[in-house]
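There are 2 protein chains.
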Amino acid sequence: MAIEIDMERTDLPLVVIPSCFPSMVEPFRRRLDAFSGLARIRMYTDMPTGVDGKADDDELVRRMAPATVALTTGVRFSDAMLARLAPTVRCITFGGTGVANYVDVDEARRLGIRICNAVHYGDNAVAEHAIALLFEITHRAGTLNARMHEEPWPGEDITEIGGMTMGLIGFGGIGHRVAELAPGLGLNLLVWARHPDRDAYERLGIQAADGIDDVFAGADVVSLHLALNDATQGIIGPEQLDLLKPGAIVINTARAELIRPGTLEQRLRRGDIRAGLDVFSPEPLPADDPLRGLDNVVLTPHVAWRSDRALAGIVDQCVRAATAYLTGGEYNVVA
Amino acid sequence: MAIEIDMERTDLPLVVIPSCFPSMVEPFRRRLDAFSGLARIRMYTDMPTGVDGKADDDELVRRMAPATVALTTGVRFSDAMLARLAPTVRCITFGGTGVANYVDVDEARRLGIRICNAVHYGDNAVAEHAIALLFEITHRAGTLNARMHEEPWPGEDITEIGGMTMGLIGFGGIGHRVAELAPGLGLNLLVWARHPDRDAYERLGIQAADGIDDVFAGADVVSLHLALNDATQGIIGPEQLDLLKPGAIVINTARAELIRPGTLEQRLRRGDIRAGLDVFSPEPLPADDPLRGLDNVVLTPHVAWRSDRALAGIVDQCVRAATAYLTGGEYNVVA
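Residue numbers (my numbering), protein chains in the order written: chain A, 2 to 336; chain B, 2 to 336.
The shape of chain A in the complex, shown without the other chains (with noise of 0.2 Å):
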């Protein structure tokens, strides 16, 4: 189905959101008055696939085509797919930080067409669900529940979470947000970062650690919040997961590549640390996957970034990028 709005205004230039996130079909449609005067628009509100259940590129393709922008979530781009588009589309929008998956950056310049991404837009709802996956394995109000619904009282101790010391490995926006929320909740912090803040580690009180090791070895809970790149993948592996105290806790909300293939799991086998993780690799993940057969896991299927706010946000940043492009202006501008 298509949402059209100003089609007979053939004088201004057309902006197509090619598919649409269910979720994200609402955030959009609210905010498209930004475009009046400035662009006709045709929404697309469904997901296009092909009949493997992935994405049809060259329907995809033929949405795109007729536009000046396109404003997309999810879409990955091939270059034969930015070859096909680049006579008409100028300036391309993406509903997320790290473009890299979706697009070849720097095709895409070469080309002459204008990369826009959304930033932060997902740091607190990122930040509440390591807290969330956090609470879960000390409370453990979920399990209790799903057991409620099998057995009629089942006993379970708990664990406070207040008094211990939580390790965060990566200090941007979603980094910086956890240590935030952390405080209040009676949680210690132990920070390790590239460049670190020393401001904010003041303010927030947080101990610096000297390197990645000395927060698996230091901290409780030990929380990931390093962006994907080259020097970041596989950065932790069996070294770091083998400092951990009995009892520790690992969350992963940042990327499953952080870690290195298979040694978390190798880890968790031993019985005596937990994890909360809402990223895996490959995405989703394999029904198979052996980590689904851990007692001593929670798993939530990256749903972290997914509240309504950030979803609006993501939008917004979006149609900000899109009319700034439009009116000769710059925002959130990649390549």
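Keep in mind that a hint or two might mislead.
If several chains are the same, the list does not tell them apart, and a pair holds so long as it fits within one copy or across any two.
Said to hold, decoys possible - Straight line, CA to CA, 20 Å or less: simulated EDC-like cross-link-like pairs of lysine to aspartate or glutamate:
1. Lys55 x Glu152
2. Lys246 x Asp309
3. Lys246 x Glu266
4. Lys246 x Asp215
Calculated directly from the structure, the hints in this document are not laboratory data.
Got chain A sorted already, so can you dock chain B onto it with the hints?
Just chain B, lined up with the frame of chain A:
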């Protein structure tokens, strides 16, 4: 099984622990040296029950009868039991705050038996559990984890708690602790208490509500933190529950009897509010209780207080109350 210490010291009074909650066996064992030189100890590490699964009162009386002090957790005393014990037992400690459900305090006073309780041991644990229930309702980590064991990749949006208004009914030890945990998470506080603590309100940025109804009408999350007594039993009913905003959340880690029977379940059936409940009437919750059939409620089996730290705190206070009695002092004396 019974653990006995210094039983050859027949010159010393006898302290009996007539039954023991499994998680308390180790905390008690670690604290028994406090009685060295003051008392002989006999600690039973089981919970005697009759063929009907209920506590075996005769066996409990048999165990306590030779003691001067009885340290109890979860033991209910009838007046007849008190009468049988009164000739020897002069002090009974209870591992909880409200002892009225466990002993007739006036009758104990008449018989000259000192009654002691334990206080504030679980304030942080219960306050954290109220927050844990809120996170499970909004971020659904435990529910999603359960779904990840049944389906490959269950997609759900989550809800951020930052910016919500949390209304507290009651501001004793636990309510006060919730009010300390909440602001760091970005929750705004609206509190009703019979005796408002204006200094704490100002320090914690709390808005004082004019009444219970104001909290129900104004808050996104209403969390109950009243003690149960004649004045508070049934203090909440349909008049208050009808004031809740669509999407509002009710948290109860206090006592089920604060809400008039059946009325929360009826309100939940309308489907536009959610709840997180750790307390029920009766407990254990009957297998066929209609609350178990609702999908907008998270149920935990009265575990909020059952942290390692709270259990150790109860044991510590019971031991202090007993040693105070044995040395002519007073500690946590109720009657």
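Each hint tested on the structure:
no., hint, result
1, Lys55 x Glu152, "between (40 Å within a copy, 19 Å between copies)"
2, Lys246 x Asp309, "between (37 Å within a copy, 18 Å between copies)"
3, Lys246 x Glu266, "within (16 Å within a copy, 43 Å between copies)"
4, Lys246 x Asp215, "within (12 Å within a copy, 47 Å between copies)"
Checked against the numbered hints listed earlier, the structure breaks none of them; every hint is satisfied.
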